[in-house]
Amino acid sequence: SQQGEEDPQALSIQEGENATMNCSYKTSINNLQWYRQNSGRGLVHLILIRSNEREKHSGRLRVTLDTSKKSSSLLITASRAADTASYFCATVSPPFGGGTRVLVKP
Amino acid sequence: EAEVAQSPRYKITEKSQAVAFWCDPISGHATLYWYRQILGQGPELLVQFQDESVVDDSQLPKDRFSAERLKGVDSTLKIQPAELGDSAMYLCASSLAGARDTEAFFGQGTRLTVV
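For the protein sequence lines, the chains are A and B, in the order given. Residue numbering for the first sequence follows my numbering, starting at 1 and increasing by one per position. Residue numbering for the second sequence follows my numbering, starting at 1001 and increasing by one per position.
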């Protein structure tokens, strides 16, 4: 399977703090995507990073990719209560891992 | 903004009954996916269509699940008979034609409860 696996499974932080989560995958990829899912809703695409890119930014999001280690990280800076959600990385199709559940406390 | 439409949003059905979910992808998206998501877990791909053809249904329990996309536009996922273990969120997603590794757009899902 080429699915990503997120780590940690859960993360609890205070509003204003940064949140970092990691993704590992097994095989070669063309790109890697990160999605967010609010409770009981569908997934929303956040960012796509291509295999020839090492870092990408989108607003308060920063994604890194290390193809030699087959890993990626998602950093959310200056977190807000509205960032409370599950975050998934995806490779190919896209299949998904179990996600990281992030709780941002006011 | 274009969205993937799914209906119904919620469905409660009795064990052994038939149930169907409908999905209308974003116009022009030839690739359509159905996922099942059990609470607390990530989405599991059930079936992937390219236009009206099934590309991948390796994880679809074919003894009870069926999916069709007859005209290559909207799609229906059916379960017959439903079992208690089928209680989950069923998500539909679509992406641009013929492009792998591209952004997928998700609907709001159908929450199925089997009693």
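Quick caveat, the hints were computed from the structure, so don't treat them as lab data. Keep in mind that the hints are not guaranteed to be accurate.
Unchecked claim - Straight-line alpha carbon distances no greater than 20 Å define the calculated DMTMM-like cross-link-like pairs of lysine to aspartate or glutamate that follow:
hint, chain 1, residue 1, chain 2, residue 2
1, A, 56, B, 1103
2, A, 105, A, 15
3, B, 1071, B, 1044
4, A, 70, A, 83
5, A, 26, B, 1063
6, B, 1015, B, 1057
(message) Would the hint linking residue 1015/B and residue 1057/B be met if the CA-CA limit is 20 Å?
(response) Cα-Cα ~24 Å, so violated.
(request) Take a quick look at whether residue 56/A and residue 1103/B sit within 20 Å of each other, Cα to Cα. (result) 16 Å, holds
(request) Starting from residue 70/A, check that the Cα of residue 83/A is at most 20 Å away, please. (result) Between residue 70/A and residue 83/A the Cα gap is close to 26 Å, so the pair fails against 20 Å, i.e. violated.
(message) Please verify whether residue 105/A and residue 15/A have alpha carbons no more than 20 Å apart.
(response) Holds, because 6 Å separates the two Cα atoms, which is no more than 20 Å.
(message) Given the hinted pair residue 1071/B and residue 1044/B, is their Cα-Cα distance within 20 Å?
(response) 25 Å, violated
(message) Given the hinted pair residue 26/A and residue 1063/B, is their Cα-Cα distance within 20 Å?
(response) Not satisfied, since the Cα-Cα distance of roughly 31 Å exceeds 20 Å.
Against the hints set out earlier in the document, violations occur for numbers 3, 4, 5 and 6.
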